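Q: Listed below are the residues making up each chain.
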Amino acid sequence: MLKHIMSLMLVVMLMMTMSWAQEEAVSDSVPQAVPISPPTNVRAFDTPYDNGHSITLEWDLSADDPDGKGRVLSYRILRSDMPDGPFVDRGVAIPAGEHKHNDKGVKESDNENYFPKGKDFYYKVVAVSADGESESAIVGPVHSAGQFFNRGLSAVAIACLIFTVLTIYFIRKARRGAELYIRPLAGIDAVDEAIGRATEMGKPILYIMGLGTAADIATIASFTILGRVAKKVAEYQTSLIVPCYDPIVMTVAQETVKTGYYDAGRPDAYNEDDVFFLTNQQFAYVSGVNGIMVRQKPATNFYLGKFYAESLIMAETGNSINSIQIAGTDEVTQIPFFVVACDYTLIGEELYAASAYLGREPVLLGTLKAQDWAKACVLICIILGVLGAIAHQTWFTDLFKVIVSE
Amino acid sequence: MKREIPLLIVFIGGLFMAIQFFVPDSRSEWVYEFVMDWTIIIGIFALALGIWSFVRVSVNKINRRQENWQYSIISLIGLFGMILFGSSVMGWLGAESVGLESFMFRQVFNNIIIPLHATTFSLLAFFMASAAFRAFRAHSLLATVLLFAALIVMLRFNPYLGPVGNLIGDAASWILNVPNMAAKRAIVIGIGLGMVATALKVILGIERGYMGSD
Chain E
8 MLKHIMSLML
18 VVMLMMTMSW
28 AQEEAVSDSV
38 PQAVPISPPT
48 NVRAFDTPYD
58 NGHSITLEWD
68 LSADDPDGKG
78 RVLSYRILRS
88 DMPDGPFVDR
98 GVAIPAGEHK
108 HNDKGVKESD
118 NENYFPKGKD
128 FYYKVVAVSA
138 DGESESAIVG
148 PVHSAGQFFN
158 RGLSAVAIAC
168 LIFTVLTIYF
178 IRKARRGAEL
188 YIRPLAGIDA
198 VDEAIGRATE
208 MGKPILYIMG
218 LGTAADIATI
228 ASFTILGRVA
238 KKVAEYQTSL
248 IVPCYDPIVM
258 TVAQETVKTG
268 YYDAGRPDAY
278 NEDDVFFLTN
288 QQFAYVSGVN
298 GIMVRQKPAT
308 NFYLGKFYAE
318 SLIMAETGNS
328 INSIQIAGTD
338 EVTQIPFFVV
348 ACDYTLIGEE
358 LYAASAYLGR
368 EPVLLGTLKA
378 QDWAKACVLI
388 CIILGVLGAI
398 AHQTWFTDLF
408 KVIVSE
Chain U
4 MKREIPLLIV
14 FIGGLFMAIQ
24 FFVPDSRSEW
34 VYEFVMDWTI
44 IIGIFALALG
54 IWSFVRVSVN
64 KINRRQENWQ
74 YSIISLIGLF
84 GMILFGSSVM
94 GWLGAESVGL
104 ESFMFRQVFN
114 NIIIPLHATT
124 FSLLAFFMAS
134 AAFRAFRAHS
144 LLATVLLFAA
154 LIVMLRFNPY
164 LGPVGNLIGD
174 AASWILNVPN
184 MAAKRAIVIG
194 IGLGMVATAL
204 KVILGIERGY
214 MGSD
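Those protein sequences? They're chains E and U, same order as listed.
Under this note's numbering, the first residue of the first sequence is numbered 8, with each subsequent residue one higher.
Under this note's numbering, the first residue of the second sequence is numbered 4, with each subsequent residue one higher.
None of these hints come from the bench; they were simulated from the model.
Every value quoted in this text rests on a predicted model; they were computed, and no experiment measured them.
Some hints could be false.
[To be verified] Below, computed lysine-lysine pairings styled on BS3-like, alpha-carbon distance capped at 27 Å:
hint : chain 1 : residue 1 : chain 2 : residue 2
1    : E       : Lys111    : E       : Lys124
2    : E       : Lys238    : E       : Lys210
3    : U       : Lys5      : E       : Lys304
4    : E       : Lys114    : E       : Lys126
5    : E       : Lys124    : E       : Lys114
6    : E       : Lys107    : E       : Lys210
7    : E       : Lys126    : E       : Lys107
8    : E       : Lys107    : E       : Lys382
9    : U       : Lys64     : E       : Lys210
10   : E       : Lys304    : E       : Lys238
11   : E       : Lys408    : E       : Lys111
12   : E       : Lys126    : E       : Lys111
13   : U       : Lys5      : E       : Lys408
14   : E       : Lys238    : U       : Lys187
15   : E       : Lys408    : U       : Lys64
16   : E       : Lys382    : E       : Lys408
17   : E       : Lys382    : E       : Lys180
18   : E       : Lys382    : U       : Lys187
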């Protein structure tokens with residue numbers, strides 16, 4: 008009996024040993040984690056059309072990163088100024104599936120992110136996965152350099168040149184005495200009438216130049232119109248109020264109004280306090296202007312310049328006191344508000360044209376004619392672009408592609 | 004010479020800034036930033052002129068007892084009060100913090116200035132309603148078209164329209180993306196050309212309105 012039991016135990020032990028051996032064999036047959044493939048064909052080159060403080064890297068995706076759906080989680084960029092390192096991580100994690108990176112720094116040498124111009128660098132791109140990392144071959148040396156012409160803006164440069172030539176041509180033509188027809192602008196035709204009305208009613212004229220600075224084209228256009236309005240106001244012997252939002256605008260506006268009074272032969276009528284600084288807080292300015300409107304009830308309000316959310320608040324207040332209102336702005340979002348609340352609105356470019364229209368000087372009218380021709384050119388280009396797109400010919404629209412340096 | 008020198012400065016400055024736009028090199032950027040820094044410095048000096056103008060106009064109004072001269076007193080108290088609260092004088096008077104962190108400065112800013120700004124801004128909602136009421140009166144064919152277009156665009160966010168809502172949403176998207184966008188772009192192209200033309204006039208010295216007398 009004991010012999011049988013011993014034999015049985017021996018068989019059981021033998022079977023258990025075989026089982027363990029089999030398990031070990033099975034576990035030995037599970038494949039170890041295979042390292043991922045590195046990114047290949049890494050290219051490093053100076054970023055085109057930039058200020059000279061960046062290098063662009065491109066690479067072919069790791070074989071384990073088919074469109075970002077494989078084992079690769081992200082890519083890292085390593086950089087060194089020596090071919091054999093040490094390589095420093097640039098601190099970016101480029102998502103899997105992407106194969107381009109702009110290694111960009113700043114031009115200030117005291118900044119920690121300074122990127123020296125003209126210095127040789129070596130790069131490696133590292134594919135990162137859950138099982139480990141895999142580095143590409145070293146690429147370099149490569150150095151950055153600034154460009155002196157942004158070829159990505161060639162279309163803009165050519166368009167500006169053509170427009171400049173057109174403008175100069177029409178100015179010369181106007182100087183030679185050619186008759187240039189300019190379509191009437193209702194808003195500008197109404198200026199004299201509005202000033203006359205204020206004179207008859209014995210009420211002042213309010214001229215608002217908006218929230219723009221003296222560097223804004225809309226404000227510059229507004230200065231010219233203000234000069235013409237001031238001259239008329241001086242001739243009609245009525246009063247003008249110009250509350251300003253920007254101190255520099257105030258200084259220029261004072262000079263412009265003073266000149267208008269001088270030109271009208273009424274320098275004595277000019278009062279420096281008529282053109283004053285109110286505040287440079289948007290809604291405080293609105294409150295101030297609305298207060299002037301409600302208290303002094305001007306017969307005519309001009310809103311010419313750059314306007315934002317305050318446009319409707321002011322225009323509706325002016326409407327409520329029955330003033331004649333003439334507005335003009337190049338802020339597209341504010342134009343509908345002025346159209347609704349004002350009697351006359353100069354839409355977009357009409358604001359710039361107003362000064363030429365008011366002065367009727369041939370040279371200024373020449374620039375308007377150039378604008379009209381330029382618009383005709385743009386219209387033709389749009390039609391050609393649409394026809395090209397219909398015919399699946401994109402080469403024409405590609406001519407107008409613009410690359411803005413970052 | 005009184006006019007020639009400013010015109011020459013405008014010509015050189017304007018030409019440089021136009022060329023600078025096409026030159027991405029960091030040296031060009033440096034000059035641009037240098038010029039912009041000077042603009043800020045000039046702006047700060049001009050602010051002193053602005054404050055002086057404001058004070059002079061307010062004091063004259065008070066002296067001459069012009070209509071509503073009392074408001075000028077409040078304006079001057081506001082101006083000098085905020086300067087006082089924001090200055091280090093408060094520190095000499097025993098305040099724990101000065102400048103923008105001054106207790107009084109923050110109290111006035113948070114509890115008076117911000118609510119006043121918010122109140123003025125909120126008026127816009129009421130003015131929009133009154134302006135819309137006037138604009139959407141169907142007194143002509145074009146005004147009627149505008150009314151219908153506005154109705155469709157406004158109704159697109161109405162959640163109670165059910166399946167009709169989708170149709171209105173599509174119609175509103177078409178209005179915004181096709182006729183509205185076309186008109187907007189036409190205006191923007193015109194503005195762009197007008198800007199370049201005005202800049203050219205200024206650079207070439209044709210437009211001199213900003214300089215005063217001819």
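Q: It remains to establish, for every hint, whether it holds in the given structure.
A: Hint by hint, here is what the structure shows:
no. : hint                : result
1   : Lys111/E / Lys124/E : 11 Å, holds
2   : Lys238/E / Lys210/E : 17 Å, holds
3   : Lys5/U / Lys304/E   : 40 Å, violated
4   : Lys114/E / Lys126/E : 13 Å, holds
5   : Lys124/E / Lys114/E : 8 Å, holds
6   : Lys107/E / Lys210/E : 66 Å, violated
7   : Lys126/E / Lys107/E : 21 Å, holds
8   : Lys107/E / Lys382/E : 39 Å, violated
9   : Lys64/U / Lys210/E  : 18 Å, holds
10  : Lys304/E / Lys238/E : 22 Å, holds
11  : Lys408/E / Lys111/E : 23 Å, holds
12  : Lys126/E / Lys111/E : 14 Å, holds
13  : Lys5/U / Lys408/E   : 44 Å, violated
14  : Lys238/E / Lys187/U : 34 Å, violated
15  : Lys408/E / Lys64/U  : 58 Å, violated
16  : Lys382/E / Lys408/E : 19 Å, holds
17  : Lys382/E / Lys180/E : 19 Å, holds
18  : Lys382/E / Lys187/U : 15 Å, holds
Consistency note: the structure conflicts with the earlier hints numbered 3, 6, 8, 13, 14 and 15.
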